[in-house]
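Q: What follows is each chain in one-letter form.
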Amino acid sequence: MNIKQKALTKSLFAYHAATSPCNNCDIEILDLFTPRHDVERFGITLVGSVRHADVLVVTGVPNYKTKEKLKTLYEQAAKPCFVIAVGNCACGRIMFRDSYNSPCPVDEIVPVDAYIPGCPPKPEAMIAGIVKLIEKLKKAEKK
Amino acid sequence: MKTIFSYLIFPGFLFAAIAGLLAGWVDRKVTARLQWRLGPPWHQNFTDIIKLLGKEVILPQGARFTFLLAPYLGLLSAGLVAGVLGEAVIFHSAGFAGDLIVVLYLLTIPAIALILGASSSGNPLASVGASREIKLVLAYELPFVLSAVAMVIKCDGAIQLGRLLNYQNFFGSNIASLSGFLAFLVSLLCMQAKLCLVPFDASEAEQELAGGVLIEYSGAALAVFKLTKAVLLYAIPVFIILLFLGKDTGPVFFTLKFIALLVGIILIKNTNPRLRIEQSIKFFWGPVAALAMAAVILALLGL
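Chains as they are written, first to last, in my numbering: chain Y, 1 to 143; chain V, 1001 to 1303.
One chain only, chain Y, in its complex shape:
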């Protein structure tokens, strides 16, 4: 594993892209930065601009408006940029599958690297998801 990849896994800057969620997942994401879970121990921070981001944390079911915004956001991010879909909505649209304002799931808009299901997922589940993403990065480097 070269030093660039190693540094990337140790310092993930997350940008929070809320594509019309119910705000439940978003609050749980913010829980990750509170004293109990504190993911800053692993170098993970929330950033305000997508240009600084390494990880796009997507919540909610994209509708016709946020679908375009999400695509733009992904294009604006500096590569390599990974996408994590948080919550049942972002993972598979669940009960909004046949809704009139839900054109497609998240992974048809941007390539999703990790899915974290749950409604909302517990912070522990999100940490497990991030660990899996990092392991995936390490494996990809070996191959």
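There could be a bad hint or two in this list.
Far from chain V, some chain Y residues (derived; all Cβ distances over 10 Å) [as the list claims (entries may be wrong)]:
(1) Ala18
(2) Tyr64
(3) Glu124
(4) Leu133
Not everything, but these chain Y residues come out facing chain V in the computed CB check (under 7 Å) [to be verified]:
(5) Lys4
(6) Ala7
(7) Ser11
(8) Glu40
(9) Gly48
(10) Lys79
In short, the hints are calculated from the structure, not lab data.
All values derive from a computational prediction rather than experimental measurement.
No residue lacks a Cβ here, since even glycine has one placed at the ideal position from N, Cα and C.
With the hints as your guide, set chain V onto chain Y.
A: Below, chain V without anything else, positioned relative to chain Y:
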């Protein structure tokens, strides 16, 4: 050869960058402990820089060529400041007449680089950030220069850093006198604004401007800006120590003073809400400038 070594490696740019990144870690760690968290490991800021250097640099549509040049301008002048200050601390006789004035000028350039870069990026949020940064520079430069002038008067008109130190070695630190103490308070607040820390970080407000002046920067350019910040986080406290606490500058005492100053500004940062930009200007041009003027007058009276 020796000059190049001292400006690029020790005590100049490289040393300042390492010390500054470690100081940045102290900042993050103390902040985390104040919030009852554990905080990042000591190498976190180095990891961030290495990661950013390996990422793509995006040139936004409509950006001017100054967009990519501005970060290096800031880093260059910050490194120079670190070199001049370090030389003065280690060899008191090093330096040239008037290097205090040169340092005061060079300390402004990183902020100007930030303004240049932000306004050439073509982003509306960055331009709001740039305009706030300009106002902030105008606000804090007056009291900062006044407090430095007070100390120059206090030290018999010495405008050379080495002579300031020598004077303090003979007659005790400037902070022990009334004018020195007032000027120290003023420059502490100005340091807070120069380092863009809360409560004076309206130009980078993460919550309202999404990074403000830095919003369009990515990859290596952002890394250079972060390095500039780190070098300044080392250089400005060192400058304050030179001006006000110059009695013992042995390595142990120097480090202790540095850490005390650093923790002081981190505590201010963590216990205050952000000021609006016009509040900052009123604050710096009102009470703070008055304090600085009082310090100058007291210094003239010899207090």
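Q: If a hint holds in the structure, say so; if it doesn't, say that too.
A: To see whether the hints hold, each was checked on the structure:
| no. | hint | verdict |
| --- | --- | --- |
| 1 | Ala18 | holds (14 Å) |
| 2 | Tyr64 | holds (24 Å) |
| 3 | Glu124 | holds (16 Å) |
| 4 | Leu133 | holds (15 Å) |
| 5 | Lys4 | holds (4 Å) |
| 6 | Ala7 | holds (4 Å) |
| 7 | Ser11 | holds (5 Å) |
| 8 | Glu40 | holds (5 Å) |
| 9 | Gly48 | holds (4 Å) |
| 10 | Lys79 | holds (5 Å) |
Of the numbered hints listed earlier, not one is contradicted by the structure.
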